[in-house]
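Engineer: Read off the chains here:
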Amino acid sequence: MTGNFRLPSGGRIDRNRPLGFTFNGRLYRGFAGDSLASALLANGVTLVGRSFKYHRPRGIFASGAEEPNALVQLETGAHTVPNAKATQVELYEGLVARSQNCWPTVEHDFGQVADLCAKILPAGFYYKTFMWPSSFWMKYEYFIRRAAGLGRAPESPDPDRYDKMHVHCDVLVAGGGPAGLAAALAASRSGARVILADEQGEFGGSLLGRRDVIDDLPGAEWAARMAAEIAENPEVRVLRRATVFGYYDHNFLGIVERKTDHLGPNGGQGMVRERLWKVRAKQVVLATGSIERPLVFADNDRPGVMLADAARSYANRFGTRPGSRAVVFTNNDGAYGAAIDLADAGIPIAAIVDLRADVQGPLPTKARERGIEVLAGHAIAATLGSKRVQAVEVMLLNPEGDKVHGTPRRIECDLVAVSGGWSPTVHLFSQSGGKLRYCDQRLCFVPERSKQVERSAGACNGSFGLADCLDEGYAAGAAAAVAVGFEAPPRAFSADQPGETAPRALWVVPGKAPVGHSKAKHFVDLANDVTAADVRLAAREGYRSVEHTKRYTTLGMGPDQGKTSNVAGLAILAESLGKPIPEVGTTTFRPPYTPVTYGALAGSDVGDLSDVDRTTPIHDWHVMAAAEFEPVGQWLRARHYPKAGEDMEAAVQRECKAVRQSLGIMDASTLGKIELRGPDAVKLLNMVYTNAWDNLAVGRSRYGLMLGEDGMVFDDGVTTRLGENHYYMTTTTGGAAQVFGWIEEWLQCEWLDWRVWATSVTEQWATIALAGPRARDLMHELCKDIDLSPAAFPHMAMRSGRVAGLPARVFRVSFSGELGFEVSVPSSSGLALWIACMMAGAKYGIAPYGTEALHVLRAEKGFIIVGQEADGTATPIDLGMDWIVGKKKPDFLGKRSLARSDMVRRDRKQLVGLLTKDPNIVLPEGAQIVDRILPKPPMKMVGHVTSSYWSGALGRSIALALVSGGHKRHGQTVQLPLEDRVVEAVIGSPVFYDPEGKRLHA
Amino acid sequence: MRRYSIWSLARNARGHHEGWTEAWRSPEPKPEYDVVIIGGGGHGLATAYYLAAEHGIRNVAVVERGWLGGGNVARNTAIIRSNYLHDDSAFLYDKSLQLWRDLSGELNFNTMFSPRGLINLAHDKSGLVELARRVAALRLNGIRVSMIAPEEIARRIPALDCSTRAANPVLGGSWQEKAGIARHDAVAWGYARAADSRGVDIVQNCEVVGIRREGGRIAGVDTARGFIRARTVAIVAAGHSGVVAAMAGIRLPIASHTMQAYVSEPLKPFAHTVVMSPALVSLNQSDKGEIVIGMGTEEYNSYSQQGSLTHIEYVTQKMLELYPSFSRIRMLRKWGGIVDVSADASPVIGKTPVEGLYLNVGWGTGGFKAIPGSGWTFAHTLARGEPHPLVAPFGLERFHSGRMIGEHGASGSLERYK
Amino acid sequence: MLLITCPFCGPRDESEFACGGEAHIVRPADPAALTDAQWADYLFMRKNVKGVHFERWMHSHGCRRWFNAARDTVTHQFLAFYKMGEQAPDIAPVSYTARPAPRTDPALPADPALHTDREGAR
Amino acid sequence: MPEGYLRQSPLASLGLAARAATAADAAGVTMGERERVMLVNLRGDGVDRGFLDRVRQALEVDLPAEPNTAAEGTRHRVLWLGPNEWLVVAGEGEQLAAALDAALAGLHVSVTDISDARAVIALSGAQARDVLAKGCPLDLHPRSFGPMRCAQSRLAKVAVLIDQRDDAPSYDLYVLRSQARYLWRWLDDAAREYAVRIIRP
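Protein sequences appear in the order of chains A, B, C and D. Reminder that position 637 of the first sequence reads as 637 in the working numbering, one-by-one numbering, no gaps. Reminder that position 201 of the second sequence reads as 201 in the working numbering, one-by-one numbering, no gaps. Reminder that position 67 of the third sequence reads as 67 in the working numbering, one-by-one numbering, no gaps. Reminder that position 121 of the fourth sequence reads as 121 in the working numbering, one-by-one numbering, no gaps.
Calculated from the structure, these hints are not laboratory results. Do not rely on the hints blindly, as some may be mistaken.
What the hints assert, rightly or not - Just some of the chain A residues that point at chain B, by a computed CB distance under 10 Å:
#1 Leu7
#2 Gly10
#3 Thr76
#4 Met903
What the hints assert, rightly or not - Cβ-Cβ distance ranges computed for the label pairs, FRET-style:
#5 A/Lys917 to B/Glu151: 27 to 37 Å
#6 D/Ala65 to A/Gly708: 53 to 63 Å
#7 A/Ala797 to D/Thr74: 49 to 59 Å
#8 A/Pro498 to D/Arg185: 54 to 64 Å
#9 B/Arg217 to A/Phe136: 46 to 56 Å
#10 A/Asn695 to D/Thr69: 40 to 50 Å
Only a predicted model underlies this, so the values are computations on that prediction, with no experimental measurement involved. From the three backbone atoms N, C-alpha and C, an ideal C-beta is built for every residue, glycine too.
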């Protein structure tokens, strides 16, 4: 059914700016200022989607974030948005939307078969069946999954950008309705730094959809003026289309601002689509308004059943007729205001059906004066129609409210405007940790006790009248400003507020048959198709905690998060249990208030900016040399330098060969470097390393192992004594931050009186390792002021001088087992030193080598790598490094742990070398070792391979392994059952190459 | 217990579903039980069930501070797998996985165990080696897990960015076919109903406020509803295990942290396989169509179920690195649980220095999948007074001897122990 | 999203800090004299308080100083910040248990592992 | 060997000098790398009068005692880093570290040249504060931060030292050398919406 449902005049739409859009493939027209929902209604489109479980026809039910039904798939391709609420989508030219959860079309949906079987599909039906045979659940599940879900996920990368902004303020005002505007006005006039945020494109909140008057101005106009005044203040930040979605610890709040959605997919040229504001507020004013509740009555889900205030808003704000003949169904006075507005807009009100027997307030009187029939003490017992409501049947309600009687009176209508009262939007208050209280008079939860520095004002505080909202809002804004040291400004606005009489608490409106007995369904939660019978069933079956009931029935778990259903669901549960509502409790609200895109949560930290890639001063050279990189921590390190046609294996073998036979060069700048100064530096070294440091001479270096207090090796490195009380410590690349933090922690937390300063100099020095038999030859050319002879400059010594004309620290250390020098120069000169070495080294066939070759070279020497051999479970003894553990030292970090009973077990996993019987087989790292192959698992494992390579120098494969009791097992054969074969290997020493260390000391 | 089936559904439909009875009773606590289990979560209820079903010990109370199944069994990502590194863990979790298979039938309650397969991703060389080591060990322990190549991963998970330019390149992964997910609440309810029908008293809203001893042995527990005497008391209180143990004068190698998870709005099925990654803890799609993201823990000790936004931002960024097309999808709901993280990321199960007082705690972020196995072995432990062989290595003594069962890598938990 | 007051830099966002766990755990003066159980108590056993928790923080993205804080682990409210080496302030413990636990039996086992006193500021 | 290679600033490879605008076209933000700055990390006992006096003699400026403030001498700018830690900033050419070390000889101090360990990015302009706010949790509003104030914090994913130089506002951002390219990329992205002009500070 379509047609023109636009009112001839009125509304806040711009009739001079028509917009074309497409819904389910059909072209329609709306106006600027429309929401997708209002535009659909104006075109007479009332069937919008299908429900989650029963696939029942559904229309537009609300006008804001609380919408449970009208979820659409917005746009297509890369710009698509699943589950967009039609009530929150601002119309733009060319908008494309489709219904969800229906096949083949929303008009004729195959899934509707579920509605026919509804009788055997009560809440939790799936817990009671599909159990046999057990392996069949997956088959049932396949169909259940396809029937569930709503929209479709995008399949291509998002073309839009997102970002974030930290912001601090004195007062954050959440919500820009009457209370929020008043609060922001008060706070901004005081001079405070204020943020005002509202989820809509326009400030005013409830004022936009009603015909209130403030200070003799129409409400919406008053709102526009106030918003303009507030925005002019330079200390105020005004955010539209910005939802305060989360209230976290210590007055930290999240706001998501949608900057371009209202412009369409390509409308926001250059702008970010959404911005996440991260607010730290000294004071918060919550002015989040309230949400109307429906009544729970028979078949209350048919398209055409709509919240009364939403219907009113479609007429007043959007100039749209939500129907051509309406019945209003209510338990409170507020809906009479809606009825009057609808009538004034030219929509005939067939009747107002009021659950209360006695209806006397000023608003009902006004309605009666207009000749609207009021059926007090009546109820809608049935709705008729399928894809659109066509009529209702009204019957008398008994005083107890549990039965209808008399002859049903059929009233033709295509709109049922329903109101079950109002729920304050206490989500943010509850997220902040505030405690709620149930108010028996107003039939809703209101804030009771704050946990954080926040004030609720207006409807979210249970004060629904306009004058009260303005008063409370202004007072809250002023009080917040005063609390942070500003002076409260005077105030003045006036508004009328009709008195209201009490609403009637009737949580399930009886139908013609008892609830759950006929085909009629009393929906509590439209989004998840949860009925009153479902809630009662949960209570009957013992799911008595409200959390049990929610989980059993899925009440409130839909995309609307139960905004219109939570209170009624709770009340029905309480009724079933025979307890008052406060005893059954409420659920705690968690962020987000409304769904937030992952894009906004991630911000700009995607793509190129997703990670920090730390680069060395020589990085550009490696790039030019076409190096392959590997990440080590955040560093990018050259892994190998393939020449044309080389694969990694070939490149690594060539690089290793260069080091073993002539000269290799490596960028070692990423090593951690720490300067230690002070009289207690040696004391510190004695505690953090396992070996003794008292007798290290100035200009000499020593290798050290660092243990955690649990006795496990966590880092290693070489430390050099530079002066009397001055040491220079190096760490692994990955462990640099951890080691520096470790030293700082002990000095600051435990050894406060020790006189040592630790300063990280990792980034000050570029370090180049020269390794190979020709290393000294090259050094001779580049360095004239250091005596490089083995006697004058032995292994594990350090000298200062100039290398290639640059001021340098030169260390004789080696991780490759070859003669080696490590030259450190200030980082700015690192590239210059590298190039000088490359040029001078050309005659020796100098080859840059990467981390992969380094790993092979050190494994040939049996040197451990932290993270491979030392995997956090290995002690120095396990690694065969007892020689470095100072047994005479009274204490060092981790020492006591080494004496624990499990640490001295003989069958601990110990580091060994492993040679495969077939020298051509390179074992996979991580392979498990067994003593005996059994016909089938389980098999007792005795160890695993930690490192494994092809060794060019030895012409065969080598491996390091941790093997149970391995130190005493040299010479024994073990088995390695791989995926496709079993490999035999012999345990031996982990040092494969130059065990005497002659080359090192050359 | 009236059996559930399609026939009982149909029969009850005729009575408008008004004939269903309580799934479990709400009894007043008796003055004395053979066994009192502190904590009505998954592990506590499963323990009670197996005590009654396997060991004939029916005079059992499960005392629960709030509502049954309201702790971490209600606040997890429902992932079930057994691909752990150490033999000890692998055997225990695999026992659990075996019990999962027929659990719905055994409990006559559909736990919706859906073994849809699970992939662990490796994004760097060391991650790949770690996976290879785990897979090799699992294979030799008879647990079917295999390595899979990036091309195969890309085929199975089209939304995953497997390009070489990705921030977290996919270098490979492991595949466990029999892993999957289940409906988390159903597990607690199923055990509760089955235990209740065998005579176990499940006492909700009954907080334990003290533990009484006589000499060196347990005497019973003081609760908000009075003293309950028992010769055997078991602490199965997850996030609150430290609080309860302190009542007995015991300090544990455990810190409680908030762990968050969050879900998207419901979407039509598109992500079948469960994916775990060192960059992001876990991702799967529930039967309702929600994408469930597990997030790991907050850094500081906490007994609050409210987590921070920073953490969500961080995890979401990691998720978008892996799944770039997800950025227009929206987070619908998040939750937090209080997890008890032990020093080696493995549970602490067994005796305490107080005779008759037992522990089954420290499951941290990995407890859900273990519920059947934990309950089964722990019931044996309580019934015999000696640890079941599968849990013997998990005793408190290991922290004295140093025989740790480090599972930081495989548990998917960050190292949070300080 | 905690707001943490560094004793030097003032209130700063949580993201600038690293948490170091329970405070006032003093390293034993003579570890060799301890039993395995006593050493384990220092190494692993924690109070894991529900309520006022004394803990260490480091302003890792700021002045890089360690300091101590008292924080309620249920509400996340900070009750005190103080520098390393300063005495812990006297803060009444908060109980989140239903009602005070009744007297425990005086006949406690004399296992020192359960009752090592690690209190006292440094 | 080309002269430029002898001393390379952290962002040298971006060719910022060549990209620097000559005309003062409208831009909300200007950015550039401050090159050839001498930096010394100074550790010492901040309550020891002897130490403070000797530093004043050497630097002709008092070490700032107030956390997160800067002090400006004739030749040096000194930034507070911690209760016993400062950063001394000087122009090129000075043998600052060696001179200071000599001047403080005998005291328990640590004088460390870190000139090559940091990159200094100058960020200025009406929208500079907004650019920083995109990645930094500090409150940089004039009511709580201003010239002669400095603070260490987080910017995007890295640690940063922010030194406000004037009311423009202008900031010097100190970041680890290895992270400078990342931070530049991030700033460039964050400032894009305000129009960026590259300058040579």
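Engineer: Would you list, in rising numerical order, the hints stated earlier that this structure does not obey?
Structural biologist: Hints 1, 2, 3, 6, 7 not satisfied by this model.
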